[in-house]
Amino acid sequence: MASSSKAATSEGGAGHGDGVGRRDFLFIATGATAAVGTAAAIWPFLNNMNPAADTLALASIEVSLNGIEVGQAIKVSWRGKPVFIRHRTPEEIQAARDVDVSRLPDPEDDAKRVQKGHDDWLIVVGVCTHLGCIPLGTAQGETRGDYKGWFCPCHGSHYDTSGRIRRGPAPKNLEVPTYTFVNDTTIRIG
Amino acid sequence: MASMQGKPPAFNSAVVRWIDKRLPIFTFMHHEYGVFPTPRNFNYWWSFGGIAMVMLITMIVTGIVLAMNYTPHVDYAFDSVERIRRDVPQGWLIQYMHMNGASFFFIAVFIHLFRGMYYGSYKNPRELLWMLGVVILLLMMATAFMGYVLPWGQMSFWGATVITNLFSAIPVFGEDIVTFLWGGFSVDNPTLNRFFSLHYLLPFVIVGVVVLHIAAMHVAGSNNPTGIDPRGPQDTLPFSPYYVTKDGYAVVVFLIFYAIFVFFAPDFFGEPDNYTKANPLQTPAHIVPEWYFLPFYAVLRSIPDKLGGVIAMFGAIGILFLLPWLDTSRVRSGRFRPMFKWFFWVFVIDCLVLGWVGGNPADAEISILGMHIPLLWIGRLATFWYYFHFLILLPLLGKIERPLPLPASIADSVLKPAAAR
Ligand code: HEM
Ligand code: FES
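These protein sequence lines are chains L and B, in that order. For what it's worth, this note's numbering labels the leading residue of the first sequence as 577, then goes sequentially. For what it's worth, this note's numbering labels the leading residue of the second sequence as 200, then goes sequentially.
Bound-form chain L, shown alone (with noise of 0.2 Å):
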């Protein structure tokens, strides 16, 4: 780099002993702009494409958990995606806390999965962790897999009652969405 600028500034004539390194100060600096300029521009494309703001101000919903027996479930729909709702019978809390923790494909405990007081209440975001189907076993008479949660029938990923991945491709839990009791027949999903 040196030396050739001090060849162009012989041929170039510039004359002033300190025109060589104001020149490659110059040049670097304009480089240094346009790039940051071009990814300045590009940014509010790329940006452009994220979630807008009334997408994501849709993202709370209230449940009323009135009428969902012991022993079933329903779906309801939240940001565009199916939650489950369980009202689990005392023998399937108990199957999710009779587990091995640490030898779960992605441990975690049945009581870190749903909240102090309502271990009945297991709610889970329907939406397989592997490639995003929705795993059969909310309504009656659909297959529960072989861990008595919920089967997804697209590569074959068996959850348990506790909404945990036991077998198949799936590499994680089904996600507990953040939520509230606002009182004890009425929860807020988001």
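Check each hint, because a few of them may be wrong.
Here are the simulated DMTMM-like pairs of lysine to aspartate or glutamate, each with C-alpha atoms no more than 25 Å apart in a straight line [as the list claims (entries may be wrong)]:
id : chain 1 : residue 1 : chain 2 : residue 2
1  : L       : K724      : L       : E667
2  : L       : K724      : B       : D562
3  : L       : K748      : B       : D611
Simulated DEER-style distance windows between Cβ atoms [to be verified]:
id : chain 1 : residue 1 : chain 2 : residue 2 : range
4  : L       : A633      : B       : Y243      : 29 to 39 Å
5  : L       : A615      : B       : G514      : 28 to 38 Å
6  : L       : G717      : B       : H571      : 23 to 33 Å
7  : B       : P370      : L       : V612      : 38 to 48 Å
8  : B       : Y474      : L       : G766      : 26 to 36 Å
9  : B       : W576      : L       : D676      : 27 to 37 Å
10 : L       : K651      : B       : G407      : 23 to 33 Å
11 : L       : G766      : B       : A419      : 38 to 48 Å
12 : L       : D676      : B       : G514      : 28 to 38 Å
13 : B       : I567      : L       : A615      : 54 to 64 Å
Everything labelled a hint here was simulated from the structure, so no lab data went into it. Cβ atoms here follow ideal geometry from the backbone N, Cα and C, with glycine treated the same way.
With chain L fixed as given, assemble chain B with the ligands onto it according to the hints.
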């Protein structure tokens, strides 16, 4: 382009001469498509490039007309396509031409690609020409995938969901990338809108790459069934009228097959589930991609790890970029490669097996002689062979195979057997 330097032809029309002097478009066409010296020994496998071009134009023309009646909104998209089929004059024809046209475009391009593999058309000096072809294939896949989402049926929706979710396998940024692709928290209206926008754009990008692809071909010249270079005028024919007519005939025959499907079996390649409107709360029991994606889908499913599966699937296309350097044989045409010739057909069968596995449910089995063999194993074997073919076999064959003697010239290879008869 080398042939541009030739003498301009004497045009009869004064208007043509006037324009040509200022913008030598006629001279260009004359050199590149009129007298362009083309090997005299093409077989019909060489017609599939032209056929693919005709299909690309068909897709663009039918697509632009469809877009005039199509509504890219989750509440209306499905009904607007039904309306095109039922109420819009000739809409049924144009919609079926577009829907089946995608399949026939892929048929033409796949044949074109296997032609190149058999005759070594990717070898020096045609590496870049080949790589531009692979770029076209990738763009076609993206275009067809997004087009399939537009009618907003059950398969549209769940295909889009599964394929976009592939990106969630990317470590750290995966989830953010998927949200970015969707423009929301699931496949929804923003997704449909952007897919329509890109589905309109990408075919024209394909046109651009096709222009480069053909420009590169006119620099290197066409390969031919013997794989040896033309040595002089006795080895070539002017493109027009010889190959204009030969390709024209092939195009017509191909279009007859296309028309049979458009008119008599328009849903042959489709999925009945796509005639049900998309329901984000219900996944169909058995989701499959379009047939042209099945081999790649089988590769994806044969790897038990999520990220690994995604890498293997994209790698299956990516490896085509390296083909010119993986094949170490200096002989181009499979005709003179006694071992490669057979492995080529094994590879074709391997791809068909992958396609068949990809079209079946993940847990399917077949019973051969009373044994129940899970298709998953067959898929794994076929995936292994796919990579083995490129990474081990092709580099090795070039070293151990003894090619047959090459003919002295193209003219020789054509005329000698004819004289012997
Ligand atoms: C590379 C060329 C193209 C390919 C491979 C392609 C592929 C497809 C596919 C597979 C579908 C789904 C058809 C169905 O299953 O019902 C589709 C739909 C559609 N395409 Fe294209 N397309 C191409 C070019 C275009 C162009 C240039 C336009 C112009 C805007 C266009 C507009 C549409 C529209 C409006 C639909 C929705 C209506 C329908 O489903 O038939 N396409 N395309
Ligand atoms: S999407 Fe559920 S197993 Fe693949």
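Each hint, compared with the structure:
no.	hint	result
1	L:K724 / L:E667	holds, 11 Å
2	L:K724 / B:D562	holds, 19 Å
3	L:K748 / B:D611	violated, 65 Å
4	L:A633 / B:Y243: 29 to 39 Å	violated, 59 Å
5	L:A615 / B:G514: 28 to 38 Å	holds, 30 Å
6	L:G717 / B:H571: 23 to 33 Å	holds, 28 Å
7	B:P370 / L:V612: 38 to 48 Å	violated, 28 Å
8	B:Y474 / L:G766: 26 to 36 Å	holds, 34 Å
9	B:W576 / L:D676: 27 to 37 Å	holds, 30 Å
10	L:K651 / B:G407: 23 to 33 Å	violated, 46 Å
11	L:G766 / B:A419: 38 to 48 Å	violated, 59 Å
12	L:D676 / B:G514: 28 to 38 Å	holds, 37 Å
13	B:I567 / L:A615: 54 to 64 Å	holds, 58 Å
The structure fails hints 3, 4, 7, 10, 11 (numbered hints given earlier, in ascending order).
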